[in-house]
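Trainee: Heads up: the sequence lines are chains R and W, in that order.
Using the numbering used here, you'd call the opening residue of the first sequence number -15 and step up by one each time.
Using the numbering used here, you'd call the opening residue of the second sequence number -3 and step up by one each time.
If you are wondering where the hints come from, they were derived from the structure by calculation, not from laboratory data.
One should not assume that every hint holds.
Below, in silico cross-link-like pairs of lysine-lysine (DSS-like), each with a Cα-Cα straight-line distance of 27 Å or less [claimed, not checked]:
#, chain 1, residue 1, chain 2, residue 2
1, W, Lys8, R, Lys74
2, W, Lys8, R, Lys77
3, R, Lys122, R, Lys77
4, R, Lys(-3), R, Lys31
5, W, Lys8, R, Lys122
6, R, Lys31, R, Lys57
To list a few chain R residues with every Cβ distance to chain W over 10 Å, as calculated [unchecked claim]:
#, residue
7, Asn(-9)
8, Val1
9, Ser105
10, Gln118
11, Leu121
12, Asn169
13, Gly189
Quick reminder that beta carbons are idealized off the backbone N, C-alpha and C, glycines included.
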Amino acid sequence: MLVKLENVSKLYKEGTVALDDITLSLDKGEFAFITGPSGAGKSTLLKMIYMDEFPSEGEVRVGTHKSSSISRKEIALLRREVGVVFQEFKLLKELTAFENVVLPLRAVGRRESSIRKRVNSVLYSVGLSSKRHQFPLKLSGGEQQRIAIARAMALRPSILLADEPTGNLDPVTAEQIFDLLVDINRGGTSVLVATHDIRHAEKLGKRVIRLEHGKMVDDGIGATAEGGDQPCTT
Amino acid sequence: MYHLTQAVTGIKRAGFMSVACIIIMTCTLLIFGIFLLATANLREILRFAHEKVEIVAFLEDGVSAAGADSLEAEIKNIPFVEQIRHVSPTEALERLKTEFGTRSYILDALDDNPLPASLEIVLKPQYRLKDRVISVAERIEQMKGVEDISYGRGWITILERMVRVFALVDIAVGMVVGIAAVVTVSYTVRLTLFARRDLIRVLKLVGATDFFVMAPFILEGLIHGAVSIVLSTGMLYLGFRVVDVKVPQAVFMPWGMIVFFAVFGILVAVLGSWLSVRSFLWEKE
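Chain R with its partners taken away, still in its complex shape (with noise of 0.2 Å):
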């Protein structure tokens, strides 16, 4: 089991309930979407899972790391093994795609033949070769978000956790993406995609976690999973 909540519940200071006893397990290698409206609690659940928030009950473990005993320097190390992607893509305007790649890999302090050779290669896994030495308000919203991925896959993590990664993006490019993600995980790599757009969950065929006012109301696949949102066709 790479990733597993037990009866995780998060409630914040205003009373707010974001996340109500939710319970589930993600596999090595399984692609999964956590869908629901907004405010239903996806990105708090994905938040627990890079662990940048804590239950206010139950457990959170990613491998062998659990959310009531980790340490500062554990949760770095957690980081290195959970890629994160954003639907505003977190990029530094200021540094240029290959930069942008070359973070995580400074940050473990690899050397700088291996960072090059790393960044160079999933860049072009990504399909941005010929765009390295861009900056990102350079490039559409499709080659930002790859870039994104790139730099999350950089440091070949166990786990993509994905943030509404095409919500600024047109249905053809938000598409691309999505082919990215599978891809990338037929690499291996597990990947669960938070959004608001089941569309190409059903289309996929797989797991949907759905989730509404923090609780979990359905766990299935794709087309079985009951409810959900309009497709999103913007």
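For this one, chain R is given, so just place chain W on it according to the hints.
Mentor: Quick look at chain W alone, frame taken from chain R:
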């Protein structure tokens, strides 16, 4: 190298604030440096005074030459004594005449030489401390044939007390300067932290340790501290050279004190950056 590049970038980005930080730190360190310099000079005066310390044992009237010799031998047995010189009444009068200079004729009016014979006792350098001098003087005072002793107790006590007071003032000024420098650096580094919050956030997300994230900011503080130390030490030296022309006996801070001053300046700067970056990283979680 990555950390150093990031630190230099941070300083360049902070621009005016970095310059202001270095100016404020230089001024505060300069104040501390002036006190340290004063202490160094006071210590030099005390060292000079200790070099001149000697005990004079005035002999009773009627102590024969043989008696004086045996007394001298007895004093020589005291392990701290380096040298003894016997001064006869005649020699004492000659010295007094020399000191009186052109007014020495006053002494010619004396029928008899009223000055007693004396023994001038010099202690070994390492024992020329107030307490040791007092203990030896009291021992000599008890000896038969010694009428009185003199060893400049008063001014040695005052000088040693002044050095102690200055050391306390140094500590107090050091603390105030330290706090001022810590606050100054911490505010400057905080600006850089704020400007680079996206980078910090990304680094944390991709598995950078706290040390990796903090290192460039700590280096930034260290650079501020080092530049301020060089400037304040340079200004102190220039100021010293101006004073030195009028007071040639003045001394600059000894190397040990310069090293202490540099380490102090760098440490407070590093502490300022560390506190700032630590609170920034912690409060974001």
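Trainee: Hint by hint, say whether it matches the structure.
Mentor: Quick rundown of the hints versus the structure:
no.	hint	result
1	W:Lys8 / R:Lys74	holds (24 Å)
2	W:Lys8 / R:Lys77	holds (18 Å)
3	R:Lys122 / R:Lys77	holds (9 Å)
4	R:Lys(-3) / R:Lys31	holds (17 Å)
5	W:Lys8 / R:Lys122	holds (25 Å)
6	R:Lys31 / R:Lys57	holds (17 Å)
7	Asn(-9)	holds (23 Å)
8	Val1	holds (21 Å)
9	Ser105	holds (17 Å)
10	Gln118	holds (18 Å)
11	Leu121	holds (14 Å)
12	Asn169	holds (20 Å)
13	Gly189	holds (30 Å)
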